[in-house]
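Keeping the supplied structure of chain W fixed, place chains Z and Y upon it in accordance with the hints.
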Amino acid sequence: MSGSLFVNPFHFSTMHENPGDMLGDFYTHNFEKGRISHDSMIINLGPQHPSTHGVLRILAELHGEYVLRAEPILGYLHRMHDKMGQVKTPWQFLPNTGRVDYLHPIAWNWAYVGAVERLAGIEVPERAEYLRVIACELNRIASHVMWWGAFVLDLGGVTPILYAFEEREKINDMLQIVTGSRLTMNYMRFGGVCADINDRFIKMAREFIPRMRERLEMYHKLVTGNVILARRITGIGPFDPDLCYRYGVTGPCLRGAGVAYDTRRAEPYGVYDRFRFDIPVGETNCSMGRYMVRMREVEESLKILEQALDQLPDGPIMAPKAPKATWKLPAGEAYFAVEGARGKIGIHLAGDGGKSPYRVKLRAPGFSNLSLFAEASQGTLLADALAILGSLDLVIPEIDR
Amino acid sequence: MFKAIVDNVKGLYSLLVGLHITGRYALGPFPIWLKLKKPENGYPQLTTHYPRQTIADEDLVTFRGPVELIPAENDPTKSKCVSCMMCVKACPSNCLTVVKGDEGKAPKLWTSNFTLCSLCGTCVEVCPASALRFSHDIYWVAEKREDMINDLLAKLAKNGRN
Amino acid sequence: METILVPYTTDITLLSVLKLVVALVAIILLLIANSVVMVYLERKVAGFVQRRPGPYEVGPWGILQTVADTVKLLGKQILIPGNSDRFLFLLAPVLSMFPMFLMFLVIPYGPILTGLEVNLGLLLILAFAGMEGLAVIAGGWASNNKYSLIGAARAVSQSVAYEIPLILAILALAFQHGSLDLSVLNRAQEGWIWNWNIFTQPLAFLIFVITCFGETNRAPFDLPEGESELTGGYHTEYSGMGFALFFMAEYTSMMLVSFLAAVLFLGGSNAPVDIPLINGVWWTLIKMGAFMTFMIWVRWTFPRVRFDQLLNINWKWLLPLGLLNLWVTALVMKVVGN
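So the protein lines, in turn, are chains W, Z and Y. The first sequence begins at -13 in this note's numbering and counts up one residue at a time. The second sequence begins at 341 in this note's numbering and counts up one residue at a time. The third sequence begins at 290 in this note's numbering and counts up one residue at a time.
Just to be clear, a hint being listed does not mean it is correct.
[What the hints assert, rightly or not] Sample of chain W residues with no beta-carbon within 10 Å of chain Y, all distances over it, derived: (1) D11; (2) R55; (3) R85; (4) E269; (5) A308.
[To be verified] Taking CB as the label site, the calculated pair distances span: (6) Y:V311 x W:M27: 20 to 28 Å; (7) W:D226 x Z:T451: 54 to 62 Å; (8) Z:E483 x Y:P561: 57 to 65 Å; (9) Y:K435 x W:Y62: 16 to 24 Å; (10) Z:T451 x W:K69: 38 to 46 Å.
Source of the hints: derived by calculation from the structure; they are not laboratory data. Think of the CB as a built atom: it goes at the ideal place given N, C-alpha and C, for glycine as much as any other residue.
Looking at chain W on its own, in the form it has when it is part of the complex (with noise of 0.2 Å):
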């Protein structure tokens, strides 16, 4: 035993001691350690790489093209945002949540501005809880779509993420009316929203729905019915409902799994519990049930979208109680989870009555989801892997937060 915990990983060998280990790093040298056959190629997909959506690195041992281990890397987009949540105040830190995932930013923005509100205790209006529910069901088709565009990229085919943009393009057109911009939009406020809908914004949503649902049908067509398709991704990667317990692996991947656990449902939050909404399960558990689970979902969220324009009340749109920038956050803790995505996005708040939280822990769903991924995609070739991957919807910047 070398003891591996205590391996300095500033050391590296030089050339007079093994010629050998002059390639590679740290990561590198410890993968090779675990060699499991000898003629096997230990190959390193990442930090750039194309399919893995940023600088997420994978090592992996080949024997011919099946991957016989792979191990993901992490830490090439830290950018330490629980350590920025202790430091700032809850106001200076909610534009941050913004920017921890990029395809869904406004349920992050949910989820922190309901942990604040749980622990100070701020009742939000019932506008604003509908204006909350309209601008995040929208953001999850927009990020739904645009998993769907890049999931096919990386399965070889390069047209759909270019449609993909066009429906992402018309939801950011809307999200940009309410908050202003058009990726790490910073929508909610304690105890509100920043700023209320427009009829503007009333006629594009209203107008956007069949739209989306016409799309929809044609996006089954070019790609769902695709023979290629098909065949590459039915029965790639089965997970069962144990690996993803073991791994608290959420959202669409679980209920590609077959678990019908949508945080919307199991923990209703905000005005979730008024609408009629199904939790699509997969049918198979493998990447073809995690698709359609994903593709399913945006025609449940135009659904939810449907019912909260109808159902919208007037009223403020700002808690009278709203608190001010120089505000204190009381002491106590607090945990809030919503439904993002890409599973369920919690965070933890601990306030000791400071200007800042004592503590803040976000769990990001896409942590849990890809440490499932050496598990599940050992045995199999490098392009099921690498659609296994792709099926996970992975952002990196959240998972590496």
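Just chains Z and Y now, kept in the frame of chain W:
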């Protein structure tokens, strides 16, 4: 065996369906293709060709660009700022510099460093005098880092004179 | 050609050598022009499919974009990775381009226009088509890159898998017309449109189309490149003109199979309808262009198949189908011929 053959024939048909969809998007619907009908919002092309086309103003009204000072009602070259420093304290990225003037409450220096700004809008919301707002400028570029440090008072004076 | 020179010399050897030189020069010019046009066409088609305008800025409608890219590629340094096989690394792009010139010699562009009249033209093309795979292997191996190596390994099994159904499909035509001479095959499709081989041999045409994509390493069978898995496959390490030559070779082999499709299946230089001024050569070119556009269109529509699926398609479907087609053709020819 028979089922496999049927599956494969169906598969070949699904490929034709895909080709039909992309082909239709490439050429557009027949009336537009034959130039009988004018394309709506640039169909089949959807992107905006920036130097030749620009975004419609109604789409820009809600865009939150770099912050700017709101001119006072009586004098458009002066700002409403009272130098209370709320925005400077609230800013999460420390990108604002406000120096109080020698006489009265009006500031003598008001800069925003756009290289640091994350457009979170905290300064706009905390301002007790409502002296700040977002501009709608999406085309602003600078060649040097120094040019990104916005002297908002000078900008206000310049805009007010025009 | 001969008739122009007859007043000056009657030496048959000299005449044929002269003709060969002229044909080779013309082919080189054709291949270069083809690459320039194809890169532009590919981008424009991709743009239209994806609802973008495509190249737009350089020249009117962006037609000079390819020229600008060529200048850029010419100006780039050829980086040779460390510990690589320098000789093979530099040889591979040349090797990929070199056999192309020979293959274009035997293609009948018009009823009588061809570079080299040989009665085994089809055999020559099939023989030299294997060289393309050799270049890919050499490039992938010499790069000293694991991605390139996997790409090269894929290229080997892919080219082995695809050549056999391709040969079987073409062999059925040779059975039907009793010749391996492309000019004979071209002339055999004269007359009405249903004399074209696409109507007499639809199954062979289907096999031919599928194998074309595999043979030219185009999507959905672009596994040796496999961009999302192998970051570029065998040409990951190539830059500058090395990359440009591989790129040219891809478009050239596309043009080759398109010419083959036009001559073998789509009637070659025979006109479906009589249009004044558009005679034999133009019809071959039009059919070739249509087939190439179809290949581009396919590329921008479908995802990539997996490697084992690709081999399954070949060995389990195309090979038996090709044999069946060959057998039925032989039977019909025996019955009808007697």
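Evaluated hints:
1. D11: It holds; D11 (chain W) is separated from chain Y by about 16 Å at its closest Cβ, greater than 10 Å.
2. R55: holds, 16 Å
3. R85: holds, 27 Å
4. E269: holds, 21 Å
5. A308: holds, 44 Å
6. Y:V311 x W:M27: 20 to 28 Å: This hint is violated: roughly 50 Å between Cβ atoms.
7. W:D226 x Z:T451: 54 to 62 Å: The hinted range 54 to 62 Å holds for D226 (chain W) and T451 (chain Z), with Cβ atoms some 58 Å apart.
8. Z:E483 x Y:P561: 57 to 65 Å: holds, 59 Å
9. Y:K435 x W:Y62: 16 to 24 Å: holds, 20 Å
10. Z:T451 x W:K69: 38 to 46 Å: violated, 29 Å
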